[in-house]
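A.B. asks: The sequence shown begins at 1 in this note's numbering and counts up by one.
Hints may contain errors.
Between beta-carbon pairs, the in silico distance windows are [claimed, not checked]:
| hint | residue 1 | residue 2 | range |
| --- | --- | --- | --- |
| 1 | P230 | D25 | 37 to 43 Å |
| 2 | T96 | R224 | 54 to 60 Å |
| 3 | P36 | N195 | 24 to 30 Å |
| 4 | Q53 | A82 | 45 to 51 Å |
| 5 | E203 | K30 | 36 to 42 Å |
| 6 | M185 | T96 | 45 to 51 Å |
| 7 | P230 | K197 | 29 to 35 Å |
| 8 | E241 | E2 | 51 to 57 Å |
Computed list of lysine-lysine pairs in BS3-like fashion (alpha-carbon distance at most 27 Å, straight line) [what the hints assert, rightly or not]:
| hint | residue 1 | residue 2 |
| --- | --- | --- |
| 9 | K248 | K199 |
| 10 | K199 | K228 |
| 11 | K194 | K14 |
| 12 | K225 | K246 |
| 13 | K194 | K214 |
| 14 | K172 | K228 |
| 15 | K214 | K228 |
| 16 | K14 | K37 |
| 17 | K37 | K3 |
| 18 | K65 | K14 |
| 19 | K3 | K45 |
| 20 | K172 | K65 |
| 21 | K214 | K227 |
| 22 | K58 | K214 |
| 23 | K214 | K248 |
Rather than coming from a laboratory, the hints here were simulated on the basis of the structure. Beta carbons are placed, not taken as given, at the ideal position from N, Cα and C, and that holds for glycine.
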Amino acid sequence: MEKHFSIDAGNGEKMNGCPYSLYEDGHDVKDYIVPPKGYEFVGFKLVEIPNNQIYDGKLVAQYKKLPWKERFTSVARGLIIALGVLAVIGIIIALTVSIFKTPSPSQKNKPKPQEEKPLVTDSVKPALDTTTLTPSHSPEPEPTPSEEHVAAQVAPIETQPVPSDDPNVQFKQAFWDLIHQRTIMMDPYDELYKNYKDKASGEEYDYLRFTILKNFDTYKEWYRKLKKVPQNELEGINSIEALVQKLKEY
């Protein structure tokens, strides 16, 4: 019978999308483990999880500290790269400033244009054409928009839903978020169940517990049908009855 082991990164980190392991030594998921700085990954330690219906155990990542020389070399290499990047940035900034600051030779030798002033004497003055100052007709006032027109142009203010403290409401929202996002891993569903165990109730809670998390074979068959539902149809499903009817089509 195929076994499944959950992954615990310990003091390190686990990459996004890290699956469960099918082997007790976890060699099929070791590339998903990121060790902490100054340490290297050396393998997994198997921890039994009695009475767990989903996993046969947990694999905890193990690390060992790197020798002093290797840690120093890593730090020195990082400093050299950082200094090199800063030097390149400084050169680029200096070249950019010099290009925009130094004027070209054509701009240096170009004489400034002299402002031409009109010659007007006291004896000869231009006659003022009064005909251009008198408008042929007075401008019509712009129409004032009516109150109904102004109200029609004001967009309604959308109100955001107020977060609820009811655990049933919170559980239902988190459950449908996982469904609408078509979450592939079984772990988020299991974590949601554990977080709201003995706190929430209702159709979504019972469906999660007795259908999705019944066993791993049931979960694989359930998700096989879920991923066939078109995304636009899946986002419009918000009840267990509608979800069950839609999955029956596949």
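A.B. asks: Each hint needs a verdict: does it hold in this structure or not?
C.D. replies: Each hint tested on the structure:
{"no.": "1", "hint": "P230 - D25: 37 to 43 Å", "in the structure": "holds, 40 Å"}
{"no.": "2", "hint": "T96 - R224: 54 to 60 Å", "in the structure": "holds, 57 Å"}
{"no.": "3", "hint": "P36 - N195: 24 to 30 Å", "in the structure": "holds, 27 Å"}
{"no.": "4", "hint": "Q53 - A82: 45 to 51 Å", "in the structure": "holds, 50 Å"}
{"no.": "5", "hint": "E203 - K30: 36 to 42 Å", "in the structure": "holds, 41 Å"}
{"no.": "6", "hint": "M185 - T96: 45 to 51 Å", "in the structure": "holds, 48 Å"}
{"no.": "7", "hint": "P230 - K197: 29 to 35 Å", "in the structure": "holds, 33 Å"}
{"no.": "8", "hint": "E241 - E2: 51 to 57 Å", "in the structure": "violated, 33 Å"}
{"no.": "9", "hint": "K248 - K199", "in the structure": "violated, 30 Å"}
{"no.": "10", "hint": "K199 - K228", "in the structure": "violated, 32 Å"}
{"no.": "11", "hint": "K194 - K14", "in the structure": "holds, 21 Å"}
{"no.": "12", "hint": "K225 - K246", "in the structure": "holds, 9 Å"}
{"no.": "13", "hint": "K194 - K214", "in the structure": "holds, 14 Å"}
{"no.": "14", "hint": "K172 - K228", "in the structure": "holds, 23 Å"}
{"no.": "15", "hint": "K214 - K228", "in the structure": "holds, 21 Å"}
{"no.": "16", "hint": "K14 - K37", "in the structure": "holds, 14 Å"}
{"no.": "17", "hint": "K37 - K3", "in the structure": "violated, 32 Å"}
{"no.": "18", "hint": "K65 - K14", "in the structure": "holds, 18 Å"}
{"no.": "19", "hint": "K3 - K45", "in the structure": "holds, 16 Å"}
{"no.": "20", "hint": "K172 - K65", "in the structure": "violated, 45 Å"}
{"no.": "21", "hint": "K214 - K227", "in the structure": "holds, 19 Å"}
{"no.": "22", "hint": "K58 - K214", "in the structure": "holds, 19 Å"}
{"no.": "23", "hint": "K214 - K248", "in the structure": "holds, 18 Å"}
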